[in-house]
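A.B. asks: Whole structure, please, built from the sequences with the hints as guidance.
Chains as they are written, first to last, in full-length UniProt numbering: chain F, 1 to 639; chain Y, 1 to 639.
A hint or two may mislead.
Claimed, not checked - Keeping only pairs whose Cα atoms sit at most 27 Å apart, straight-line, the calculated DSSO-like set for lysine-lysine is: (1) Y:135 with F:135; (2) Y:200 with Y:364; (3) F:135 with Y:71; (4) F:135 with F:78; (5) F:352 with F:304; (6) Y:364 with Y:408; (7) Y:78 with F:135; (8) F:78 with Y:78; (9) Y:135 with F:78; (10) F:78 with Y:71; (11) F:324 with F:78; (12) F:352 with F:630.
To be verified - Have a look at the derived ranges for each label pair, beta carbon to beta carbon: (13) F:432 with Y:280: 51 to 57 Å; (14) Y:174 with F:293: 54 to 60 Å; (15) Y:113 with F:164: 51 to 57 Å; (16) Y:234 with F:11: 57 to 63 Å; (17) F:468 with Y:45: 33 to 39 Å.
Said to hold, decoys possible - Covered stretches of chain F (in silico footprint by chain Y; criterion: 3 or more residues with CB under 8 Å from a CB of chain Y, positions within the stretch not fixed): (18) 79-92; (19) 462-476.
By construction, these hints were calculated from the structure, which means they are not laboratory data.
For clarity, every value in this text was computed on a predicted model and none was experimentally measured.
Glycine residues also receive a C-beta, built at the ideal position from the N, C-alpha and C atoms.
Number of protein chains: 2
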Amino acid sequence: MATHADRRYASNKYDIVIVGAGPAGLMLSTCLARWGYKIKHIDNRAEPTPTGRADGIQPRSLDLLRNMGLKSAIMAHKPARVYEVAFWDPPRGGKGIARTGTWASCPSFIDARYPFTTLLHQGMIERVFIADLEKNGTQVQRPWTITGFTSDEKANPEFPVTVQLEHIDGTSSESVQAKYLFGGEGARSFIREQLKIGVKHKDPIAHVWGVMDGVVKTDFPDIKMKCTIHSEHGSIMVIPREDNMVRLYIQIASSTDADWNPRKTATQEEVQESAKRILNPYSIEWERVEWYSVYPIGQGISEKYTLDHRVFLGGDACHTHSPKAGQGMNTAFLDALNLAWKIHAVEGGLAKRSLLETYEPERKDVAETLLDFDNKYAKLFSQRPDAASEASAASTSSSAAEDNEFIKAFKSACEFTSGYGVAYKPNELNWSPSHPAQSHVVHPASTKLRTGRLLINADVTRVVDANVVHVEQEVPLNGAFRLFVFAGKPAVTAQALRDLAVGMARRGSFYSAYARADADAVSHHEHHNPHSRFFTVCTVVAAQRSAVDIPRDLPALLARYREHVYADDRRDRRVPDAAAPAHAKMGLDQDRGGVVVVRPDGYVGIVVSLEEGTATVDALNQYFGAFSTKKLGETQAQL
Amino acid sequence: MATHADRRYASNKYDIVIVGAGPAGLMLSTCLARWGYKIKHIDNRAEPTPTGRADGIQPRSLDLLRNMGLKSAIMAHKPARVYEVAFWDPPRGGKGIARTGTWASCPSFIDARYPFTTLLHQGMIERVFIADLEKNGTQVQRPWTITGFTSDEKANPEFPVTVQLEHIDGTSSESVQAKYLFGGEGARSFIREQLKIGVKHKDPIAHVWGVMDGVVKTDFPDIKMKCTIHSEHGSIMVIPREDNMVRLYIQIASSTDADWNPRKTATQEEVQESAKRILNPYSIEWERVEWYSVYPIGQGISEKYTLDHRVFLGGDACHTHSPKAGQGMNTAFLDALNLAWKIHAVEGGLAKRSLLETYEPERKDVAETLLDFDNKYAKLFSQRPDAASEASAASTSSSAAEDNEFIKAFKSACEFTSGYGVAYKPNELNWSPSHPAQSHVVHPASTKLRTGRLLINADVTRVVDANVVHVEQEVPLNGAFRLFVFAGKPAVTAQALRDLAVGMARRGSFYSAYARADADAVSHHEHHNPHSRFFTVCTVVAAQRSAVDIPRDLPALLARYREHVYADDRRDRRVPDAAAPAHAKMGLDQDRGGVVVVRPDGYVGIVVSLEEGTATVDALNQYFGAFSTKKLGETQAQL
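C.D. replies: This is the structure we're talking about:
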């Protein structure tokens, strides 16, 4: 689905050089390769991660992988699925350990499609991305490394970045020119060091962790669950894996220890003996150890993610933290996704170059929250003996007293670890009262959508084929903004819909200003981008599917997206009495409707009421005008 | 998961020769290869089906494919999904065509996991099976054909069947010996002809059909749905396909026509012109035709499926009918599945050879029903002008008057086409009041399960990892009988569970009589068949997951299947008030419990109450004793 003509650059010129083929580098590369960019992607390892490393895919990341069409290839490896976390502690007045409670991984108050954590070896996940990359004509060049780079927009405005690359055995090297350079090289980033960007240590406490993947024989009943085990002999974390494997994390040393030494280590046998003591009275024997590693880790955050908005960092190069909450790979994915679509918007000509300035604050803020959370996570349960059972109550009961601080903290922790808690702050993309788009139609009081957060999930029925679908998944990750027109009842909103279509079609609107030059030649099989590479339009009608007649009920502009017209007729247990459940979940009146702009990465940009006249399109023009390269909708604005 | 030691036969000796690598042959081959049999599989085509042929996978077949672990490979091809069928007729007093109603493919009164028909080119489906076969060491030998065979159990009791095979170009040939021969060669079966088995024509009416697969440009609104279109210019059936394709079926001639000629044909252009006239006032243009074929077809049924229970027929070799209801591939799958596990039960030593005698009556009865249905299908909607809207009402309302004959016919048609209507009649496998197993615990009055029909679907929570699972999918297609112990509340049923375990462990029980010789050496990672290759035991406890303690609540025999212990704690909207919804759906009291024996192909064999004492195991011994090679449970029966 390359949306750009093949780049006909000189052989040493690229849109981007990506260093590192871990989760961050691969997500960026996969997106940009799909959207038609020319990529030089290198990694200093001879092959993808063979064992160990990250393995946790959080619920929101699974949504993203599905949106990319990669979920089924991941699930084909039969990963472990963690639905619950169990807490084990010394029993009151007894010996050994006892389960003190369990905690849903992703409790039902979070409306997740996949309410579990998926555990799979990082190498298998990398290979799924690599296969997709190769389908789009991009190969990861291995084992190659970066030896130097310069960035000078004045000297070379089109390809300002020059990068020196070398085979790791030193036998060959090349110099390439690019528009961008991305460092997804992990915690010891060469690019970050060359840029002299410091790492701030949020919490001065550092730890040495031992981690072991293997197959065990045990009578410990929760070996297939994620467990936090505290005992008088120390603490351990259990995480189930694919292929009957289990991962054990064990804290070997802490900078709070009297004899703290960041180079303290432990042998495999010592860790196994330690695990035996901690799990007592249960037995544990190793049948096979796949991977064992000891590593010191502190909480660090990169002071900058970029200096010049040409050379960017993401993933572990920007943030390090404990492995306990399984956030590393997920945060790396979202760093890269955030950058990918912004590069596309700028290079495709939709957005001003300054849009790239939103990458660092949006993602650095998430990293700060992650590090705060990482600190709290350990304390949350160690402080209160009844914490686990309270959490258990909180996760199953929606009426739990909200004023209990612990329950609040627990809920926000669940939201955060599931990936649904990411909340981008107001800026030109995420509407707020200080955004240039200001009118009575913006952000209707009833809406339950929050700008800077994910679109709420809802089932709808696709009109053309009666398929029941997840509305938030209907636009694939195509780099386009998603316009969800919640059309309400067509009999009531007919004029407003016509006015919306007229306004969108008008010269100088956000929509017409970025129309495809080849729009007239586009095949009628093009479902997502018939008019513009930067917008995909979905219309949700508050009616039963059989009552919807697309050409009769919708203006031609909306009807052109016939594969994206839906009936809001699927019962939802969260709004059991709603006639139009998807409208109700979004908090949009079915007699009025609304337009929801969703950023290409799935976060809500703005919500606008659907009104007769020009106000709706005016507000949309103002929204997009805040970052578009062209002045939008001047004509209407003056009406 | 080969369950037999590798067969160390002489190179020209096989367990089975399978002729034809269409749906029937591939299903049989795939099952038997997984279970460790040595197979000679030939097909006279140089490669799998390149275009055309069958393409409809019904809801129940998708369950089966999932149970085999093949569903995701099928779905990766992005097949079309048909949720609704639309009916178009001449409008009253008008010209052209108008939609008169729609009919859910698999209405909600059928409790289907996948309430849609999956449409995908047969060749892609064949390749999924072939890939699985190859993983299990079996290759389809192409292009080879069968030239002759003999079957003589007296002359050669171990390998009674001798088969002559030849490369289609005649350059090489071989003669092999086998225990069985299967003809899955399609309607013109060489094997059937050699056996001089006649074909009975159920309905003397024959038809000539034209079928065209291609990509069209049209404004016909239901082109992505299955449609039956009647117009003054003739009738057509529309079926959506993968890759924006559509299939059109058009009836070219009928033996009821005055000028009937079974060799009547039509060119591609004539069919396209005809489609244009029928669809008027909508337009239709062909962008590409992938496949076009004209073929005469009558309703035929093979008089026998086997003569000697060594040479068997299945699939189109046994039954031909119109393509309209999309049943061909599905019926072929189920023919082969039915035969596969019975061969396994006999060759593995569990069942007497006479078990094979149940293949023909079970599957021939389904074929008779299919042919009856095929007749009715066309008539159902042509007879009544309001049929479609009545069907529409029936499919959405569960309270529709049951005494309306049309609605009854409609519901039974839906059940049948979805694959959930297959009902095997009483025999030694499907308990009835005339079965040898007779006691007060057999078939408790409350149960909603019906012997000879599929287990009812239910969600449960797997205890060891808190995963929410589909209980009916938990045992993979491993050739074993599935014992579902609905344990009720453990506090109430503790003694009955202990007695069940004691009885199963007792020498001479159905369970102990067929224990694995290597049971002591089995890995603790063996989840499904630790004790016996012929039984997998699942236990469903009427409790919340967190309240279940497997070693405390279950006897060791049941606890050994720790990956198959479930908590019955998932709400089900069909039994919204039930404390133990899976128990409630099965109609089993949670204070009493029950044992459900499910055949290896998913059909319920017998339901027995869970009682203290020996009655429960006695009944199970009587059930299995009806077809087992050994006398079972004599000791208890005399108590």
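A.B. asks: Does each hint hold? Answer for all of them.
C.D. replies: Now for the hints, and whether the structure bears them out:
no., hint, result
1, Y:135 with F:135, "holds, 25 Å"
2, Y:200 with Y:364, "holds, 12 Å"
3, F:135 with Y:71, "holds, 23 Å"
4, F:135 with F:78, "holds, 23 Å"
5, F:352 with F:304, "holds, 21 Å"
6, Y:364 with Y:408, "holds, 24 Å"
7, Y:78 with F:135, "holds, 17 Å"
8, F:78 with Y:78, "holds, 20 Å"
9, Y:135 with F:78, "holds, 17 Å"
10, F:78 with Y:71, "holds, 13 Å"
11, F:324 with F:78, "holds, 22 Å"
12, F:352 with F:630, "holds, 9 Å"
13, F:432 with Y:280: 51 to 57 Å, "holds, 55 Å"
14, Y:174 with F:293: 54 to 60 Å, "holds, 55 Å"
15, Y:113 with F:164: 51 to 57 Å, "holds, 56 Å"
16, Y:234 with F:11: 57 to 63 Å, "holds, 60 Å"
17, F:468 with Y:45: 33 to 39 Å, "holds, 37 Å"
18, 79-92, "holds (count 5)"
19, 462-476, "holds (count 5)"
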